[in-house]
Amino acid sequence: MPKLLLIEDDDITAAEIASDLRWRGFGVEIAADGIEGLKQAREGSWDVIVIDRMLPGCDGLTVLKTLRGEDNKVPALILSAMGHVDERVRGLRAGGDDYLSKPFSLVELAARVEALLRRPAASRETLLRVGPLELDLITSTATRGQRSLDLLQREFKLLEYLMRREGQVVTPAMLFEEVWNYNFMPRTNLIHVHMGRLRRKLDGPDETPLIETVRGIGYMLHAPA
Amino acid sequence: MLRLDLFRTTAFRWAMTAAAAFTGLSIILFAFVYWQTAHYERAQLDDMLRHEAKAIADDPGAAVAALKAWLRDDVHSVRYGILATHDGVAQAGNMPSLPKDLWPDAKPQYATTEAQDADGDERGERIRAIGLNLPDGRTLALGNDTDALEHVSVVIIRALGLGLGPMVALSLLGGALLGRRALGRVTVLSEAIAAIREGRLSERLPLTGRRDEFDRLATDINAMMDEIERLLDEVRSVGDSIAHDLRTPLTRARTRLERSRNAVTSPAEFAAAIDETLGWLDQTFAVITAVLRIGEIEHGRRRAAFQSVDLGQILVEAAELYDPIAEDREITVRVGVDQASGAIAMGDRDLLFEAVANLLDNAIKFTPRGGHVMLSLVERDGSAVVTVADDGPGIAEDDRTRVLKRFYRAERSRQREGVGLGLSLVAAIATLHGFRLTIGDNHPGCRIELVCPGSTVAVRKGGPITSDLVSQGAI
Numbered sequence: 001m002p003k004l005l006l007i008e009d010d011d012i013t014a015a016e017i018a019s020d021l022r023w024r025g026f027g028v029e030i031a032a033d034g035i036e037g038l039k040q041a042r043e044g045s046w047d048v049i050v051i052d053r054m055l056p057g058c059d060g061l062t063v064l065k066t067l068r069g070e071d072n073k074v075p076a077l078i079l080s081a082m083g084h085v086d087e088r089v090r091g092l093r094a095g096g097d098d099y100l101s102k103p104f105s106l107v108e109l110a111a112r113v114e115a116l117l118r119r120p121a122a123s124r125e126t127l128l129r130v131g132p133l134e135l136d137l138i139t140s141t142a143t144r145g146q147r148s149l150d151l152l153q154r155e156f157k158l159l160e161y162l163m164r165r166e167g168q169v170v171t172p173a174m175l176f177e178e179v180w181n182y183n184f185m186p187r188t189n190l191i192h193v194h195m196g197r198l199r200r201k202l203d204g205p206d207e208t209p210l211i212e213t214v215r216g217i218g219y220m221l222h223a224p225a
Numbered sequence: 226m227l228r229l230d231l232f233r234t235t236a237f238r239w240a241m242t243a244a245a246a247f248t249g250l251s252i253i254l255f256a257f258v259y260w261q262t263a264h265y266e267r268a269q270l271d272d273m274l275r276h277e278a279k280a281i282a283d284d285p286g287a288a289v290a291a292l293k294a295w296l297r298d299d300v301h302s303v304r305y306g307i308l309a310t311h312d313g314v315a316q317a318g319n320m321p322s323l324p325k326d327l328w329p330d331a332k333p334q335y336a337t338t339e340a341q342d343a344d345g346d347e348r349g350e351r352i353r354a355i356g357l358n359l360p361d362g363r364t365l366a367l368g369n370d371t372d373a374l375e376h377v378s379v380v381i382i383r384a385l386g387l388g389l390g391p392m393v394a395l396s397l398l399g400g401a402l403l404g405r406r407a408l409g410r411v412t413v414l415s416e417a418i419a420a421i422r423e424g425r426l427s428e429r430l431p432l433t434g435r436r437d438e439f440d441r442l443a444t445d446i447n448a449m450m451d452e453i454e455r456l457l458d459e460v461r462s463v464g465d466s467i468a469h470d471l472r473t474p475l476t477r478a479r480t481r482l483e484r485s486r487n488a489v490t491s492p493a494e495f496a497a498a499i500d501e502t503l504g505w506l507d508q509t510f511a512v513i514t515a516v517l518r519i520g521e522i523e524h525g526r527r528r529a530a531f532q533s534v535d536l537g538q539i540l541v542e543a544a545e546l547y548d549p550i551a552e553d554r555e556i557t558v559r560v561g562v563d564q565a566s567g568a569i570a571m572g573d574r575d576l577l578f579e580a581v582a583n584l585l586d587n588a589i590k591f592t593p594r595g596g597h598v599m600l601s602l603v604e605r606d607g608s609a610v611v612t613v614a615d616d617g618p619g620i621a622e623d624d625r626t627r628v629l630k631r632f633y634r635a636e637r638s639r640q641r642e643g644v645g646l647g648l649s650l651v652a653a654i655a656t657l658h659g660f661r662l663t664i665g666d667n668h669p670g671c672r673i674e675l676v677c678p679g680s681t682v683a684v685r686k687g688g689p690i691t692s693d694l695v696s697q698g699a700i
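Residue numbers (our numbering), protein chains in the order written: chain A, 1 to 225; chain B, 226 to 700.
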């Protein structure tokens, strides 16, 4: 069970986040301010830290800077009401590994936490396989079984991102940031439409759909059972 | 209190300063006149004394008679004279002895008489005199009193007094009048400002039409008030607009939750209700986020992150992003950018992409099924011009300027999905970058241009190059 330290001063938000993450199988401890958070972060052994940007006692970025200064390398996700690019940059420079602006959905948070935990596994492999799907990053070719897939460049990147996170929920915001490389939230159904297009290319008439839509949350690619 | 205020007015102070300056100048001028006049008078006197003394000295034998005759001719009793032997005994003249301070060097000078007045008291009078030694050892002294010279100074000081007194008085009066007038204008302006401060924002400062400094100031303040009133109106309508945008999804969420609490029977129905409610909540957050973003962009805090941005690449990527939606709606999106060239602007890549994406989003939203959207990048007068044109219903001419204002939404757009702050956001982004956003007619449809001065343009000249870069799927 991955151990997660949540440093969040609003007790209702903290309780909601903690119970959702516990339900997803995390062991969650809560610290209600920066000083307490820093103390717990130093004392415990954590797999991931989720930290609010603005905290009483000691600001979230200061906590992170202090931890990084002490060579503490636990992956950290910053939560903040300030979601603009320069704020994100400041957060990431202070030692954050990811940044999520409020309001967020719990699934988005969970997906990002999982992504942080799996980061070391995101290998530099050049041949990706998920069930019948095969993606060759060197030759830029994609096949499903014997059928070769005619993918546009962006669809190829989209599929690569999904394949690297097999069995994991990815949200439209994550896709937009990672695949399109723009920090901007477009109309929510834009990604859905792109995903629909990709799906039509992936799934033949009698084939099992590979991309599952997690309703209201995002997408998940998994091999057929 | 009013009197105290009057003395504090600038007009009064200036009048007083001018009066002081004129007084000083007048005193200097009168002193000069006095000096010149006295000099002239003294020179006349000296000439007369020199001339007479020489005449008497030229004929020593007749000196006594000549002196007596000279003194006799003195009808105004202003002359003094003495002819003294070498041991100082007076032979003739109306002075008992030679003035002790007279130097017999034949040069006119001031001396003090040894004359006696009627009471017999010794009384020295200051006179202008000349003394000279005759060849026979006697000494001659002639003198004239200096009353005429003193008279000159009296006349001039009197003239100065007569002139200065009224001038200072008039200055005081003029200063007071000007000060009162200024105070009157200021009072009128103060009252108008007080009315504005009390909340009557449509009040304006009165103008006299004299185009003086007060009128200019009042005109400037009035223009400022127009702007403040406009901004306040805007804020008010922004409040209404945002309240409307927030109230609708919140009301839906509330009613849906309330109804679900009573009526839902299965977990699946609960889940559906919750999903729907979450969607409406997301919509309210989107409004709030957009409002905050516009505020942040308008504060210009993001300029620090400016870098070189390839506008052509942004256009191509935006078109690519929207291509599937356009395809669904059977809308052809054409991009007129030569991929090999482009325009480089200094800016925020994310924001510029957001601006173009918003324009494209609007164009696709309002273009009817089967319509066309054209996205192009051309050079005009050394600036890159990004154009998004569609053949939809367009924007009414009256709405074109209003639609760019913060948070304005044409009534028509309220019927459609989305936050509706798109164009306000684009306008804010354009302003931040120093770009110009214009809305025109595409005959038919809407044509929105983003003119980017200062961008480095390498677009091939001769108008847009049309290519179906990303509309492979378009019908």
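Misleading hints may appear alongside valid ones.
Derived SDA-like pairs: lysine to any residue, alpha-carbon spacing no greater than 20 angstroms straight-line [what the hints assert, rightly or not]:
| hint | chain 1 | residue 1 | chain 2 | residue 2 |
| --- | --- | --- | --- | --- |
| 1 | B | LYS590 | A | LYS201 |
| 2 | A | LYS102 | B | ASP507 |
| 3 | B | LYS590 | A | LEU190 |
| 4 | A | LYS102 | B | LEU517 |
| 5 | B | LYS590 | A | MET185 |
| 6 | A | LYS102 | B | THR626 |
| 7 | A | LYS102 | B | THR514 |
| 8 | A | LYS102 | B | TRP505 |
| 9 | A | LYS102 | B | ASP553 |
| 10 | A | LYS102 | B | GLU552 |
| 11 | A | LYS201 | B | ALA511 |
| 12 | A | LYS157 | B | ALA511 |
| 13 | A | LYS102 | B | THR502 |
| 14 | A | LYS157 | B | THR514 |
| 15 | A | LYS201 | B | PRO549 |
| 16 | A | LYS102 | B | GLY504 |
| 17 | A | LYS102 | B | GLU545 |
| 18 | A | LYS157 | B | GLU545 |
| 19 | A | LYS102 | B | LEU506 |
| 20 | A | LYS102 | B | ILE519 |
| 21 | A | LYS201 | B | LEU471 |
| 22 | B | LYS590 | A | ASN189 |
| 23 | A | LYS102 | B | ALA288 |
| 24 | A | LYS102 | B | PRO549 |
| 25 | A | LYS201 | B | GLU545 |
| 26 | A | LYS102 | B | LYS590 |
These are calculated hints, taken from the structure and not from any lab test. Here the structure is a predicted model, which means the values were calculated and not measured.
(request) Find the hints from earlier in the document that the structure breaks and name them by number, from lowest to highest. (result) 1, 6, 9, 10, 11, 12, 14, 17, 21, 23, 24 and 26
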